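Student: The lines below spell out each chain.
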Amino acid sequence: MQHKVVVTGIGIISAIGFDTKGVMDSLQAQRSGIGRLSLIDSVYKDEIPVAEIKATNDELLQIADPGITGNYSRTSLLGIIAARQAIAAARIDVSAPGRTGLISATTVGGMDRSEIFYRGYLSGSGKARLRDVVTHDCGDSTEKIADCTGIRDYITTINTACSSSANAIMVGARLIREGKLDRVVAGGTDALTLFTLNGFNSLMILDRNPCRPFDEDRNGLNLGEGSGFLVLESEEFACRENKNVLGVIKGYGNACDAYHQTASSPEGHGACLSMLKALEVAGLAPDAISYINAHGTGTKNNDLSEGVALETVFQAGIPHCSSTKSYTGHTLGAAGGIEAVLSIIALQHQWIYPNLNFARPMNELGFVPVTAFVTGIPVNCIMSNSFGFGGNNSTLIFSRY
Amino acid sequence: MEQLIDKLKHEIIGVLNLSEMTPADIDENAPLFIEGLGLDSIDALELIVLLEKNYGLKLGTAEEGKRVLHSVRSMAEFITSNKKG
Amino acid sequence: MESYIKGTAMISPQRTFEDKGFPEEVINYTGSDYLGCIEPSYRDYIDPMVARRMSRIVKMGVCAAIRCMKNSNVEMPDAVLAGTGLGCLEDTEKFLGSIFNNAEKLLNPTPFIQSTHNTVAAAIALAIKCHNYNATYTHRGFSFESAIQDALLQLAEKPEANILTGGFDELTVNSYHITKRLGMWKNHPVTSLRLKEYNTRGSLPGEGTAFFMLSGIHGSHDIAALKAMRTFYKPRDHHEIENHLDQLLGEAGVHLHDVSLMMLGVNGDPSTDSMYYRLMSDRCNRLPGAYFKHLCGEYDTASSFALWLSAILLKNQVIPESIGLTGNLPGVLDNIVIYNHLRGSYHAMYLLSRC
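Residue numbers (our numbering), protein chains in the order written: chain A, 1 to 401; chain B, 1001 to 1085; chain C, 2001 to 2355.
Keep in mind the hints are simulated off the structure, nothing from the lab.
Quick caveat: nothing in here was measured; it's all calculated off a predicted structure.
All clues given are correct.
BS3-like, lysine-lysine: derived pairs with alpha carbons at most 27 Å apart: (1) K300(A) x K1066(B); (2) K1083(B) x K2105(C); (3) K1053(B) x K1007(B); (4) K1083(B) x K1053(B); (5) K1083(B) x K1007(B); (6) K4(A) x K180(A); (7) K2105(C) x K300(A); (8) K127(A) x K2186(C).
Selected chain C positions facing chain B (Cβ under 10 Å, derived; list incomplete): (9) R2053; (10) N2102; (11) L2107; (12) I2113.
Ideal Cβ placement from N, Cα and C applies to all residues, glycine included.
Start from the sequences and build out the full structure, keeping to the hints where you can.
Tutor: Here is the structure:
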């Protein structure tokens, strides 16, 4: 027997807000979180815009209030904050009957502290504290979240680059659907680091200006940081406990582009496959989709590849479509989770987000993204894309309950 | 020019980790990308870094990049014509 | 649900890659600080133009995956799943070093691209042009088990699928020194085959890459049946461990007295090995115990070596002396329980059966 998977809680922290309310205010005000890098000491401080959360690790620790002394990387603090919000919103009591899982995702893990360790370690200066490296691996932040929230039944971490937290939500949904778990806290978290800043800069895909997804003159992405989590439950479990249902995980799909390590295929083959798979799982035709939250990073390659894929899948016409990365930056492993939260907010409030900074349509594409904050039209079904390095393409479909 | 071409071949083999190849295996007139050596976009980035690191030369536009990186010979000609001092 | 191992491939500090069974001679590493993999001839599996960018762990992963597919007679898997505790360490360290040595200027992008944890699963998909589901799990001692769990979920959704599932971790010079400073390894040189005899703190680091082809449909050439698997985190006491064993067996309808062998993740660290010995003395005192970490060392995904080893034993019905059997030699090997944990926190149990 397959269980319907519903969403009963959301939690988020990003450059546009420290919680759902803060984020919603910024979305409506069309206030982007992209600005100057201030918390990391980099030679690119004044050159490369980022979507940074304006809070030091100490300030995040105050907000997270984990209740357990320990070493906390920035990634784990962001994750604790968002996961706790989601759990509180869903009124979860992990000690009550029911099997609860935590599936988190991250690409950088504790790198914000590891790079401090490695700077000292690799130089042989002796200034390398072990406590800065013990939080290095991806599993650390998940465990910190698990320990703070008391979740024990099933814990794991996914890292598939920029599609990580979309995959975490997908796996969480599948585990509930097959009756393996009753509830899953699923999402992801990633912090800005010198490592990723320099990594993406070496690929020459960082825009020196705020990013312009799907614009003919787009010139790259802006890195961001943050965390987004959903609480997923089986419908019967949620109803038994009289939960407020925010939406349904209607469909999901993952496929591998298998074209190149970093570049997406020109025809967006993997993206087509993930979108088609998600529609198949959802039992929906493309015209059922009200809004697409695109991956839309602002790079030449992604936006063309994704744009072509969208036109292939939505042959009768592309619904309202935008990338919210012009608000939040590209939050890497957290992107799927953050954009899932934005999708649930959109379903609840019947919003469609604008694709900020858009001016010129791409020559190769026939569609233009949404540029105004739209209300007053039915938003029943949202498709969210997250595509990662290694050709890892994931699509989630959320619908109203 | 021939000395520079030979030097470039050694550097390209090094930076792109073409450990199975010797300079004699690389035809300096053959295209580097798609055909010929069959290099890709990541290799292009590595070659851009090589030009700047070893020769202090930056590429202006993507079009210039395509021209300069067409073959080993075009790279050598670019270096020669932009030599500083 | 029950699944079947159609084929495997193992790259480890023993000669496990060339043979289809257990190597005739095991290598005893003396005076060792760590156990490093015996690497295959990569050019036999990977085009040099493709391999040139790959680090060791990526090359090993691609080789093992391709070999596993050959051994399973599967040309195109329905999914590629991977579990790794620390991912692509070598390239991570390389890129970090270059950031500091070059003050963030003129950095080579290749090590950054290769450092993402899903590089191995992606490289496999690229090598075989597989557009199907692709996932990488990275959660310490649960990394491999999470990949297996996803594979089992895939098979519950579609039993006729063939799921390529792997577990791998690499050791680098830096990671060895850092983990040594953290007190994870012995402070003295070790003779690997005698690992569990030392009564000193710490274990012996190792590395390995294992791949399995899992299917929900039984075939005549299958190596073994995976009847059940469970994981548990920081058990409160030995009763909880015993409960998990009971539930593992109960799920598959197997009685304790039908278990032929307990394959244990004893790693030579007395502080955490006690959990294994307690289970054996309290609950499994009539059962023979076998060991594997003296062959592969300790690493986050070492349970994948145990799975490979146990599957081979069930297929071949031969128990090599080097397993270090304790207790009575079983007649027929019908069921093997694998029990492994990492640092006392991440526990996994498998029930594997002859088929």
